[in-house]
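Student: Using the hints, position chain P against chain V.
The primary structure of each chain is shown beneath.
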Amino acid sequence: MGEFKVHRVRFFDYMPSGIRCMAFNQRTERLALARLDGTVEIFNFSDRYFQEKVIPGNDARSVEAICWVANRLFTTGLNGEITEYDLENLCPKYSVDAFGGPIWTVACNALGTHLAVGCEDGSVKLFEVLPEKIRFEKNLDRQKGRILSLSWHPSGTRIVAGSLDVINIFDVQSGHMMQRMLVDRGTVNSRTRECVVWSVFFLSDFTIISGDSSGKVQIWDSHTGTLNKAHLVSKWDVLALSLSQDESSLLAGTSEGTVVQFQFLSPTLGASEKEWVRTRTFKHHTHDVRAVAEIGTAVVSGGVDTQLVVRPLLDKVDVKSYDTGLRKIQFPHRPLVSCAAKAGLLLFQFPVQLELWRLGEGEGPGRPGHSLIVTRKPEKLLQLKRKGEDHICCSAISPCGSWVVYSTVSSIRLHRLQYDGSNISIAKVPRLPKVLRSAHQLCFSADSSRLFVASSRSTVHVIALSQSECKYLHTFKSCSGSTEPMHLLVASADGRWLAAANRACEVHVYNVRSRKPHCIVPLYGSCPTAMAIHPSTNNLLMVHADQLIFEYSIEEKQYTDWSRRVQKEGLHRLWLERDTPVTGVTFNPSNASQFLLHDTYMFCIVDQRLPLPDQKAQLYNQLTLKSLSEQDRKSYSHAFKFCKKYQPLLCVSVLEDQSVVVVERPLLDIATQLPAPVRQKKFAT
Amino acid sequence: MEAPAEIRVVRCGGSRITFRKAVFTLDSKFLLCPSGDAIKVFSSSTEECVHVLQGHANLVTGIVLNPSNHLQVYSCSLDGTVKLWDFTDGILIKTYVVGPSIFSIHVSKKHDGVVFLVVPMASNKSQEVYQLVALHLPRSPGQEVEAKEMSAVICDISPLPRAISFGREGEYIASAKGVQLSVYFFRKQKEYRFSLKATDKKGAKNSFPCVSCHPEDDCIATGHADGKIRLWRNFNQKKEYTYSTEQWHHSAVAALTFSPQGTKLLSGGTESVLVQWHYGAVTKKDFLPRLGSAIEHISVSPDGALYCTSHRDNKVIVIQSSLKVSAIIQGLVTGDDVQTELLIDPRTKALVLNGKPGHLQFYSLHRDKQLYNLDIVQQEYIHESGLRQYGVMQAAFDSDGAWLATVEERAEEDGGVDVSLKLWAFSDAAHSFQLNTTIYMPHEGHICSMCFRDGGETTTLVTTGRDGHFKAWVLAEDTDTQGISSHWSCEFVGDYHLLTPSACCFSADGSLLAVSFREVVTVWRPGTWELLATFSQPPGDIRDLCFGRLGCSKFLLGTTTEGVLCCWNLLTCSVEWSTALDVILLQSDPLSDNMAAFSAAAGSTDLFVFKPSEPRPLYSQKAVSSGVVRRAVFAPHQEALQSCEESAQWLNRSRLYFLSDNMDLMTFSIKSEEDRILASSKQLVVDDSVALTPFCLLLGKHRQAQRNEQDPLCEQVAARTQLPQRSTAVRELLHTPAHVLPPASHLCTMFVNSLLVSKPGVRGAQESEEEDMESEKEEEMGESEEEMESRDAAGRPAIQNEAADGTASLSKGQERELRQIRKADFSWVSAALDC
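Chains V and P supply the protein sequences, listed in that same order.
5 is the number of the first residue of the first sequence in this note's numbering; add one for each residue after it.
801 is the number of the first residue of the second sequence in this note's numbering; add one for each residue after it.
No wet-lab data here; the hints were simulated from the structure.
None of the values given here were measured: they were computed from a predicted structure.
Any given hint could be a false lead.
Cβ-to-Cβ under 8 Å is the rule here; a few derived chain P residues that face chain V [to be verified]: (1) R1033; (2) K1039; (3) E1040; (4) T1042; (5) H1050; (6) E1319; (7) E1615; (8) R1616.
Derived SDA-like pairs (lysine to any residue); straight-line CA-CA distance at most 25 Å [unchecked claim]: (9) K475(V) to S460(V); (10) K997(P) to G300(V); (11) K1064(P) to S460(V); (12) K1064(P) to T272(V); (13) K1084(P) to R517(V).
Backbone N, C-alpha and C fix where the C-beta goes; we use that ideal spot for every residue, glycine too.
This is chain P alone, in the form it adopts within the complex:
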């Protein structure tokens, strides 16, 4: 564990799983999604992430199934490599080093041993011109192979994968760029280009962002920026080509796919409606509306039974071909802009930020999974650009997570704003936040900041507004006809020389409130609301205020717009120290006295971690991220780390997360911790929840229903502990040939037992019974067990390691014993891990 603790910035989970099309495996059991530098393998029925294929050094820009082996997948990345993976076991098979950044990958069954890649044209890199090249994969045995045998196919194409599609049996490839469609016939080696007018008379845009070829007929469908879908035919002629036009979408068609049988055409766009067109009878179409967010990609399983839509809010929806949603895989929603601060929910330790429009999302950092969305605005969001709709601008939790305050805003046409402050109480019964008080227009105009008072006897919320006041809100009890109820009401309105307040902050114990008015910091005593002291540090207005914590609680830190970081000593009421540093973000660690300051410098952001009491920063790193870091938060570790390295000690208690300029959630990790996570993740996969037994399917549905009703986290933990045990019994039942099964009366008890909710006490008996069963059937079960073992492949390495530590070869009896132990133990292990 005490390996060199090297700190590095890593993309932590929550990266976009909808960056590129998700890919179904041939049996539709798994869904492969590129996610940042990795590829995630999801079970398409249980939504569980089964594997994470890690190995690329940069963004993964495309994945395709290997046409000659459907258990393998090719992926390409901006790091200039193509990797071949075995996704069932999560093993990297081969790496082809190509060189230039690869933007998308395409394969066709007809072209064996060739992958088609979109790479920038070598000649002019500055102009961002791309070409499609055919890469002949060398057949050398090595792990890492240089692949340089490339031949250009089409020049000047769009880098997006949706603008390229293979035609019938790989005879031709169609690609769209701007208002031009080019079709390249491989056999004739001839390219036809068809272009539309840039704009038609009505001002609609004709450019086509996406293209899809019919798998059997020679028909190319293109989706256009004005919402039209054109079906092109006869395109092997320069002139007598023809197309038909259909329109349902009112804005651009973002995704367009033919089903593998060619009977359906699927399209989607900002309307968040999946449209299923019937090929051959285009006037007939089916809709699946209200998918929540704009559709960016659509993919279809090879048997055409499942569709999968990727949405802008980082969500992948698996849809049955009867247009019923069967699974939703939700990642961290990072829209174009996150308005709220990054917050940590004190109860669940989940990261809280803007999610869907008008919602707050609760995102488990630990499990890289969205827990739930809290609807703040409680109004239907209309998917149309240019509309003024309510958005959640601010949110704050009190220290124990009992109260949540949110601010929502809507810009009015006359330049004003519509603001309401909502206070939500956590209800233990409902296991969720429930609206307690809505305060309409708490301030005249925007609310600049707000914070809860952490300590103290009463919960107090302070808001500062653009109208020059700060207001303190307290929970007041009032009795009405229904009985006693408590609501929030304003207790105090403060101002200071009619200056506009900006930041506000309570000290850790809640005894002091600091509010900044332009360049002046005022310190108030909550409760009596008397002004205790003022500090000022001209020039420049105060941007951020922060009290020191724990041992440094006598310090107040402030940053100014003129690039000064200032530390006041509250006991002496004087400036302790100040330094010229343009801090754009100041964040304090609630579990230690450390502070993190992000400062912008020349297009990138530097990080300094320091203690207010010490002059020297604990840790500093230049250019942690290119662009400006807008939000950051310290999230507590589940268990404290023991890192002795001095520069890494600040990460022992909490972990620092930040959102980079392009909305990636980044964090700092130490090597030792990474190793630990890697190990634990391996163990996590042991749970064989993806084996697609009918019962497991049933469970999946059951669990989904439960999750909708109740708090997802607790429920999931419970469900997961149950799962393996049940499935073992049932699987044995189902996999054993009928003629060798014991009498039905015997089986019945076993089956019923397996359905019972296991309690620790009962479990022992149950296990012994199971063991009996197994010994009885030992001889007959040879084959099915082997099968089982291969399915348990993920669990295998651990056992093999054990085996390697002990004797080199085990006797059959020992092996069986080991396996039984493993089977029995899974539930315990995973339960323990999740607790």
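Pulled out of the complex, with its shape left as it was, chain V reads as follows:
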């Protein structure tokens, strides 16, 4: 392992947005999650909780509720519209105004034929789901007070709606109200405050479960409209409920940051009569839990403290594996930082702006582990606000530092940057070729003369950049016919090759010079999370969501010997069980056989010449090695060398002068920027 000068960057004020709501699609095992800023993210739970797709938000659109209908995703928001998303182009497909004011909730019936939305004006509106669109069908009886929660009976004949102080049951056929159940305001908060029914569920045995702002989870009989049992769960609100598929388990997320599980158990063993019993309490959040999902084997929860927590239910799993560990997903699984290696510039991507920073310089002899004296402080050169209301979905800076490009859902903007060390000027490139409408991923070639734009339907446009103009050169079409969006785009250092990975796990290699598709890397079941082309050998190195590493020789169109060896010997168990996916691959310019990988909690240098660690070997062995003599060290050392000093990592890249830039975002900084949590009495305070 070599020695590097490290730029430790902690001035990227990235602030993730709080989680508003989520919906789990049991069939495809996808979790759709909406954040407070309107971003919709889709996680693939069958592929190591990989953040598969991100649909950037829009200032004008907020998301209050989210719902899957088969493979279609609908959201509703305070702008009063129901929006369906195009999951291939990662943008809203269309919006339908419900004409009922802000829409607080949406629910789909079991067959997936109808959507019900609850509006501010107290109406419940039914929409018929048609291929490619939805159509208004009817209004149910309008009530006073906004509708905050909805649930269909599995048979599709009844709808229960939670409102202020009241829960209503409607007959879908006639649209009339059948039952009206008043909710107790409770004694915890003042009695003058209305009790908001934040969440409600209609069970197949005609039981209704509601969670409300006075901290109760209540179980009702819908036939008689009577309260069966009330569980006081929290001093504050119960904000979210989630029911398991088999209706045997219920989760309630509260303002105190706890998730409470209820189970449908029989009080005496072996008896058939069952009741809802409060069982476990999970506390993984510091703030409001706004969304919970019970996905059978795990409890998924998210809230204002921005992290998505996957807590496996250990009684549902058989063997200890990757899935049995607690996962906290805090950071996006895509890079938000791009680095101009030659110019020493960093481009930070925020939802509504870009920031360009110049790295500082340090001086001094410097010993390993010690910090240098900073002679020039890092400097913020530029803050570039995006145009329009759409949030930025991707951005890039050219290695020479003279081009900055970003894209929103609706447009791409390319800027020319002139920086001579003291003065900076920026100019928008006026006329971009017409083909450039939006991009999923952007990439510059190593000599900054080409811009590659991954666009819709898995196409890649090649743009030639020069001082005077920017010219459209060519479009690479997907040769497999896949229309999934591209999420990784890398160019080789010699400018010959371009590799692009899409969400269908395909990796295409194009020959830029001959403008032809070169090959498709053999398909692997897990999505690639990071890849890079080796500057000298032109081998394509890919790391997948399941932590496997492949090396593919582009020229020979086959896996390299090292890659075959990795497959044969297998990687270490601890490596395979790592918490977060690898989000960056770079090469050590001074040593051709070494490459750097990083995930959120470590970066590691892999030496291809050294033997791989076998299953019994100690994976994190630096400390052990340090204590050994020179001779022993050789026999103990293996290919992986870890550095966990910098946490949590958002980016690791190597500059031209062989120094390493690490971008950290301390969790404490995020926590201090969060709003204050609800007041809780702590023991001995």
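Tutor: Leaving out everything else, chain P in the frame of chain V:
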């Protein structure tokens, strides 16, 4: 009376009544507490000890009501027997000899004729592994039965009874050990084990010391070392079991019990707060705080109306289900360590020692009952380990009990100590000690010893401190604006070559003061404070000093750390005799010239009783107690014994009490005396104070209130003399059917009369009136009298004895007469006994 006076060491009262759970009888009238080798039956309303069930030869480790007969109780003991008692009459019914030591006993209604015992595993005794066995009780008629038919149920369990609980209708039994919960289903004969991680990430301990099963639902509650309570469900499956966690306690949950109806869950721990959780709505809970000391066990009466908490300070509190304390049964408080010497209060002849933290307790040895607590520190005690709080380290009485001196200490963070000396005057008006003077930091550092000057014209207190001085304090009068008041002030500060003083002692007549400085004993004259003589006995520092009494007052005895017992003659100023004996405790009898010396030898303690003037010890016993005896005291007898046996004569005037290593109060008793006590205790029980008439209840409360206000001893005596008489009249009133009662005007006078405070003169008239009444109602009362008689069961043996002495069968008239005499006499007898 002149039976062979065999001296033996006995556990005298004051043994822990909170060693194991107290058990309510079915009607909640009585509370059964194991207490040392015996079981005490308390009345749950009047706190009176009704019976003592004696018969076990070792510590009683568990009691349970016989599920098939609620008037009987099973008890188990370390002596390897299970005994069946009739607790209403205090009769031993049966003894089942099991063999190995039994650590706890459990029964269930479903398993008739079977008791479940926790015994050590036979295979490896050294490892202390226990198993739960089912013992089939043989149905043979004999008094003492061998019971050997045992079958193992669960192996490797905790020996504590609170770690085992029967589930719904005895279908299963749950037991906890370490971090593992095991549930054994009897029907399926299958055992499920669930374990938690030893520690969770935050370092809290998950081990569960206590477990309780819901009586109707299949729900097991476990209390954990980190204060959590888990409710387990679905535990008939290996994997899909589930539990919910609740937390209120900040340290370990020590006791956990479901109410018999299953609606409440009670928990307690070091916080001294009884927490009542509502089953089904666990967020709702009620508290009963400030119970005084850590809760160790909780039990609930079968009807759920009364709770009972056993506390670490040897106290049992009976609590109504509305969380109101209704009775407190306080035993002798022996904490982990007794700092003060054992003292005898000269006024009440009560034993005085550390009680609750920061208190001195006054404990009546004779009645085996705590009289009262004197708050010395007068600061709130915080129940949390690791806090530095004031503790009473020393106490001393002057000879007539008018003054009490106490020393309290608190360790400071920087290694120093905070000491204050308090002097308390006995106030006749308040009938209690009242603080007179507080001297903050009387010495720089610890106070090693202190003593009052017994004789002499002025009361003097001498303290010796670690700072190399001894100080004499005298009562000085000073006049201020409020008038004349007297306070203690320092009269003299003495030292000797700047050596650290250790022991100090006044001679019996107060004319000499001996203070030891390291290996040197200095003798001073109080008043003028001149140094009269020095003795020294190197090697070794002086540990204890003691002047001889009465005929041996010319001797001064000292013990050294190097194991020498030395006797100086004060007249000749020379060593009279010395012997190599490692005496750890030297105690003189104030009523005779005897001395008792405890010496440590090979893990046990030997006792020597001797006269300083005689070379031969009067009495010696090897290994009176295992471990080290730390404290001992001579307490005067209420009346001197006449024992002719030479070896027992030293016990004639006083009785020697000592605290054994595990804080049991032990004493020496002679056979003849034991017989006498046994007889008197039988008579004591005659007073039928537990009959639960409404009026008696009223009295109980009334008396309790009175006791809080006034000196308990005198008040109780008075109350007890009144009780039987009143209750007789009222009981007759209440038990006679209304249609046979005399006119109300007639009854009224009788009732009012019964409420009057009886004076000896008045009593005669009253009695005659009562007799009239009875003869009037004689015929109608046949049934109720029989009932009464059975209630008087304790008094019965005495009468039967009388009857056996006289004619074999009495006529009805004679019997009635006898009964009347008995009724009339009770008050007198008990009054006489108590005086």
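Student: Are K1064(P) and T272(V) close enough, with their CA atoms no more than 25 Å apart?
Tutor: holds, 17 Å
Student: Between K475(V) and S460(V), does the CA-CA distance stay at or below 25 Å?
Tutor: holds, 19 Å
Student: With 8 Å as the cut and Cβ atoms as the points, is E1040(P) at the interface with chain V?
Tutor: holds, 5 Å
Student: Holds or violated: is the Cβ of T1042(P) closer than 8 Å to a Cβ in chain V?
Tutor: holds, 5 Å
Student: Please verify whether K1064(P) and S460(V) have alpha carbons no more than 25 Å apart.
Tutor: The given pair, whose Cα atoms are some 64 Å apart, is violated under the 25 Å limit.
Student: Tell me if the straight-line CA distance from K997(P) to G300(V) falls inside 25 Å.
Tutor: holds, 23 Å
Student: Let me know if the C-beta of R1033(P) comes in closer than 8 Å to any C-beta of chain V, holds or violated.
Tutor: holds, 5 Å
Student: For K1084(P) and R517(V), compute the direct alpha-carbon distance and say whether it is at most 25 Å.
Tutor: Distance of about 74 Å is beyond 25 Å: violated.
Student: Tell me if the interface restraint on R1616(P) is satisfied: Cβ within less than 8 Å of some Cβ in chain V.
Tutor: violated, 58 Å
Student: Against chain V, is H1050(P) within 8 Å by beta-carbon distance?
Tutor: H1050(P) check passes; min Cβ-Cβ to chain V is 6 Å, inside 8 Å.
Student: Is the interface hint satisfied for E1319(P)? The criterion is a beta-carbon contact with chain V at less than 8 Å.
Tutor: violated, 51 Å
Student: Taking the closest Cβ pair, is E1615(P) under 8 Å from chain V?
Tutor: Violated: closest Cβ of chain V sits about 57 Å from E1615(P), beyond 8 Å.
This entry does not satisfy hints 6, 7, 8, 11, 13, going by the numbered hints stated previously.
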